[in-house]
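There are 2 protein chains.
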Amino acid sequence: MPAAETKKRAASPRKTIRPSYSYLIEKKRDGNEFDKDEIRFIVDSIIDNEMPQFQQAALAMAIFFQGMSAQETAVLAEEMMLSGEVVDLSRITMPKVEKYSTGGVGDKTSLVLVPLAAACGVVMPSMNGIDEEMIISTLRKLSSIPGFDVDISLERFTDQLRDVGCAIIRQRAEIAPVDNALYQLRRETGTVPSLPLITGSVLSRKLAQGADGLVVDVKWGNGSFIRDVEQAKQLARSITRVGRSMKKRCVALVTDMNQPLGDSVGTALEVKEAIQLLKGEGPEDLKELVLKLGMEIVRLAGVAGSTLSAKQAVQRHLQNGEALAKFREMVVAQGGDADVIDHPEKLPTAKYVRKLPAPKRGYVHTINAGAIARGVQILSQDSDGNWDHACGVSEIKKVGTQVKQGEPLMMIHYNDESRMEAALELLRNAYRLAPKRPTPPDLVVERVA
Amino acid sequence: MPAAETKKRAASPRKTIRPSYSYLIEKKRDGNEFDKDEIRFIVDSIIDNEMPQFQQAALAMAIFFQGMSAQETAVLAEEMMLSGEVVDLSRITMPKVEKYSTGGVGDKTSLVLVPLAAACGVVMPSMNGIDEEMIISTLRKLSSIPGFDVDISLERFTDQLRDVGCAIIRQRAEIAPVDNALYQLRRETGTVPSLPLITGSVLSRKLAQGADGLVVDVKWGNGSFIRDVEQAKQLARSITRVGRSMKKRCVALVTDMNQPLGDSVGTALEVKEAIQLLKGEGPEDLKELVLKLGMEIVRLAGVAGSTLSAKQAVQRHLQNGEALAKFREMVVAQGGDADVIDHPEKLPTAKYVRKLPAPKRGYVHTINAGAIARGVQILSQDSDGNWDHACGVSEIKKVGTQVKQGEPLMMIHYNDESRMEAALELLRNAYRLAPKRPTPPDLVVERVA
Numbered sequence: 007m008p009a010a011e012t013k014k015r016a017a018s019p020r021k022t023i024r025p026s027y028s029y030l031i032e033k034k035r036d037g038n039e040f041d042k043d044e045i046r047f048i049v050d051s052i053i054d055n056e057m058p059q060f061q062q063a064a065l066a067m068a069i070f071f072q073g074m075s076a077q078e079t080a081v082l083a084e085e086m087m088l089s090g091e092v093v094d095l096s097r098i099t100m101p102k103v104e105k106y107s108t109g110g111v112g113d114k115t116s117l118v119l120v121p122l123a124a125a126c127g128v129v130m131p132s133m134n135g136i137d138e139e140m141i142i143s144t145l146r147k148l149s150s151i152p153g154f155d156v157d158i159s160l161e162r163f164t165d166q167l168r169d170v171g172c173a174i175i176r177q178r179a180e181i182a183p184v185d186n187a188l189y190q191l192r193r194e195t196g197t198v199p200s201l202p203l204i205t206g207s208v209l210s211r212k213l214a215q216g217a218d219g220l221v222v223d224v225k226w227g228n229g230s231f232i233r234d235v236e237q238a239k240q241l242a243r244s245i246t247r248v249g250r251s252m253k254k255r256c257v258a259l260v261t262d263m264n265q266p267l268g269d270s271v272g273t274a275l276e277v278k279e280a281i282q283l284l285k286g287e288g289p290e291d292l293k294e295l296v297l298k299l300g301m302e303i304v305r306l307a308g309v310a311g312s313t314l315s316a317k318q319a320v321q322r323h324l325q326n327g328e329a330l331a332k333f334r335e336m337v338v339a340q341g342g343d344a345d346v347i348d349h350p351e352k353l354p355t356a357k358y359v360r361k362l363p364a365p366k367r368g369y370v371h372t373i374n375a376g377a378i379a380r381g382v383q384i385l386s387q388d389s390d391g392n393w394d395h396a397c398g399v400s401e402i403k404k405v406g407t408q409v410k411q412g413e414p415l416m417m418i419h420y421n422d423e424s425r426m427e428a429a430l431e432l433l434r435n436a437y438r439l440a441p442k443r444p445t446p447p448d449l450v451v452e453r454v455a
Numbered sequence: 007m008p009a010a011e012t013k014k015r016a017a018s019p020r021k022t023i024r025p026s027y028s029y030l031i032e033k034k035r036d037g038n039e040f041d042k043d044e045i046r047f048i049v050d051s052i053i054d055n056e057m058p059q060f061q062q063a064a065l066a067m068a069i070f071f072q073g074m075s076a077q078e079t080a081v082l083a084e085e086m087m088l089s090g091e092v093v094d095l096s097r098i099t100m101p102k103v104e105k106y107s108t109g110g111v112g113d114k115t116s117l118v119l120v121p122l123a124a125a126c127g128v129v130m131p132s133m134n135g136i137d138e139e140m141i142i143s144t145l146r147k148l149s150s151i152p153g154f155d156v157d158i159s160l161e162r163f164t165d166q167l168r169d170v171g172c173a174i175i176r177q178r179a180e181i182a183p184v185d186n187a188l189y190q191l192r193r194e195t196g197t198v199p200s201l202p203l204i205t206g207s208v209l210s211r212k213l214a215q216g217a218d219g220l221v222v223d224v225k226w227g228n229g230s231f232i233r234d235v236e237q238a239k240q241l242a243r244s245i246t247r248v249g250r251s252m253k254k255r256c257v258a259l260v261t262d263m264n265q266p267l268g269d270s271v272g273t274a275l276e277v278k279e280a281i282q283l284l285k286g287e288g289p290e291d292l293k294e295l296v297l298k299l300g301m302e303i304v305r306l307a308g309v310a311g312s313t314l315s316a317k318q319a320v321q322r323h324l325q326n327g328e329a330l331a332k333f334r335e336m337v338v339a340q341g342g343d344a345d346v347i348d349h350p351e352k353l354p355t356a357k358y359v360r361k362l363p364a365p366k367r368g369y370v371h372t373i374n375a376g377a378i379a380r381g382v383q384i385l386s387q388d389s390d391g392n393w394d395h396a397c398g399v400s401e402i403k404k405v406g407t408q409v410k411q412g413e414p415l416m417m418i419h420y421n422d423e424s425r426m427e428a429a430l431e432l433l434r435n436a437y438r439l440a441p442k443r444p445t446p447p448d449l450v451v452e453r454v455a
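These protein sequence lines are chains A and B, in that order. Counting the first sequence from 1 gives a position; our numbering is that position plus 6. Counting the second sequence from 1 gives a position; our numbering is that position plus 6.
Bear in mind the hints are in silico, worked out from the structure with no lab data behind them. Treat the hints with care, as some may be off.
[Claimed, not checked] Chain B is faced by these chain A residues, among others (derived, beta-carbon under 7 Å):
#, residue
1, Ser-28
2, Gln-59
3, Ala-63
4, Met-67
5, Phe-71
[What the hints assert, rightly or not] Here are some chain A residues pointing at chain B (derived, C-beta under 7 Å):
#, residue
6, Ile-31
7, Glu-32
8, Phe-60
9, Ala-64
10, Glu-194
11, Thr-195
12, Gly-196
Remember, predicted model here, so these are calculated numbers, not experimental data. All residues carry an ideal CB built from backbone N, CA and C; glycine is no exception.
Next comes chain A alone, as it looks inside the complex:
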């Protein structure tokens, strides 16, 4: 019973055409469109370690400037997907929907959505990546739960998806290896923000994980690598358009990331907040986003026929404890200590908690989410790269909140006094207070379907 189908691409024999790499670079540089065979040739040449990295880099930069059509991007995604293993979830009869987020500060929605979807009868086969700049990965958050294993085998993963309905594991190296290689190169060559390359990367990975549909959360703002709302909208349109041309159902929400999502940033602190939400409590903005993304997931899966019934299904399973029960089952299935659910104080807890006092009275006007992320990273990570799960910030006063002088803007959880000063500087400077109440930002800016 193979958990991962070996739907591998025929390699070298496919290379019937053999254009030179510089011809291909020049073609894209001059704004022309690649045909299918050319994209296949490029992907094959990267797989076979034949196309030198410096020519890959030049091509990526040419793509950054000249873009790619939906058709080109779809072929790229398909070929990158087929460069590795494709997870076969055909044994699972429930509808399967994946979620992809561009990443945000304090974003713990996946921790809630995965069990919530399972409670609603939708499987989300979740393979997650590692930390990015500003972004604490879902994997790292889960590893604050004692014993939780994100490295179970693909076979156990699919068994658990079938039996429990949810599982969260580490992105496998066997999935879209060309995308992994290309992404490493892009990180060092200024070509990460290319819309078609992001689109190809996301779709190649997510669709290799066996999902029938994809819900995308494109975040824009000072806590996202996308600073511009228009760029975020373009990416949302690009992914949904290309996804559709690959015959996959896709919906994208463009959401605000100009302040942390929810009230806390940190690993154990965010797990605590996710558990609160699964108990029907928790901060409003997080609840709103979970609800909106959850509705998209159940609608895409065909579990709910209308917006209203989707909303009711998601709300019901959040309120009636079924989503929490699924979370508990998942924690147990992956070897984690489920006691933390009823006793969150059993999660790592910091020795010291201090407030960040407001320097004056006023309204929270803006928050630099990226600066808060960096502050939390300084608090949590020592010079050897070890992560202290107890650290972070909580009770974050959000944009629009009125504060008195000296009132806490947030609570800072820490164990190591020596890194406090640098973190404090970042956290303090992340806040702008103003005498007038600002217009709070829209959490969901646009829905693209």
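Dock chain B against the given chain A, drawing on the hints supplied.
Here is chain B on its own, set in the frame of chain A:
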């Protein structure tokens, strides 16, 4: 007596700033200007083999799209120049002017200009590169003269410049080695046609060769890598502007390369034509270009004060045999058989000569110079890369010439029948005949000073 000054750049200690390579790539990608230190850091990092090639490639492509300012380009040229040896010609009291051409099919002007300038009292320290696509290098042409040595030492080179007034040698690896490395990378990454990178490359090499001024021939057309006249004008302006900001006198001519220059293409055939010109004969277009470039050279050198006196000086030394005498001296000094000057039949001669017949009567409307170059290359070069100096084409009917059906469009010189068919196809298709006389193209399109 050191011929090459060791005016080397201090390497690592200069790297006081240490920006990351991806930061620099992103900076240029986003259209920002590098400061002096950043360009120095980049050049230092390439010299020290520290900046990976894939990041150099991404940076080159970002420069292709975003350009560089005159200031940035001047610093790049200066730093690349100082990356290697700088030829010290201070012992030579005569004015020193270099010529750079972007390269063209049938362009043998350097073979004439170098001795002509010497006859006028101007030294042209000529270091030449190897063949490019469509372009037979001056070095290859000279090597059709039995015994001619293009690899004499830098010391002999400067001695000969002082004693004879002219010398033509191979580009030295010690000159601007960073430019050499970068150029190899650019050839394979579609970044050759970047105006600032061409400008930086030309100026770093030419000014390292010790010249006081530079005359540039920017060719545009189907026999040049620059197909567009506006791009050619931009390159002419870029080189002269940056050259001036480096305190070097520069003049550029933008010239036509939509048909071969002169009546022949090939190595020995072109040397023959150059010798004809030095005897005051030869084709009109070649003569016109030699005259115009020669005038610029003597004016830039300060040998002639006015356009008229420059023209007279150049014409006089071409007619009175002094330029030819200098050529003879140079051939002798570099070990070549000077007998070929009086007896051109002693140059390599092909066994077979056949005509390319006009398929119909009419006027030569267009000639694809690039196709003729490729045809000559097929005739001349065997599969092992050996070059047969006897091969080529001569008596080329130029644009605007009236021909009868069956009349020769050119004479084809060849030794190997087996490569004839492929060459013939290219040569035949290079011609377009039309019933009406076309307007002949302007040889010199623009002068940029």
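Hint check:
1. Annotation: Ser-28(A) was flagged as interfacial toward chain B, and the flag holds, the nearest CB pair being 5 Å apart, inside 7 Å.
2. Because the beta carbon of Gln-59(A) sits about 4 Å from the nearest beta carbon in chain B, less than 7 Å, this interface hint is met.
3. The beta carbon of Ala-63(A) comes within 4 Å of a beta carbon in chain B, closer than 7 Å, and the hint placing it at the interface holds.
4. Hint status for Met-67(A) relative to chain B: holds, with the closest Cβ pair at about 4 Å, below 7 Å.
5. The criterion of a C-beta within 7 Å of any C-beta in chain B is met by Phe-71(A), whose closest approach is roughly 5 Å, and the hint holds.
6. The criterion of a C-beta within 7 Å of any C-beta in chain B is met by Ile-31(A), whose closest approach is roughly 4 Å, and the hint holds.
7. The restraint placing Glu-32(A) at the interface with chain B holds, with a minimum CB-CB distance near 4 Å, inside the 7 Å limit.
8. Below 7 Å, beta-carbon pairs count as interface contacts, and Phe-60(A) has one with chain B at about 4 Å; its hint therefore holds.
9. Taking 7 Å as the C-beta cut-off, the interface hint given for Ala-64(A) holds, the closest approach to chain B being about 4 Å.
10. Because the closest C-beta pair between Glu-194(A) and chain B is about 5 Å apart, less than 7 Å, the hint holds.
11. At about 4 Å, the closest approach between the beta carbon of Thr-195(A) and any beta carbon in chain B falls short of 7 Å, and the interface hint on this residue holds.
12. Using the Cβ-Cβ criterion of 7 Å, the hint placing Gly-196(A) at the interface with chain B is satisfied: the shortest such distance is roughly 4 Å.
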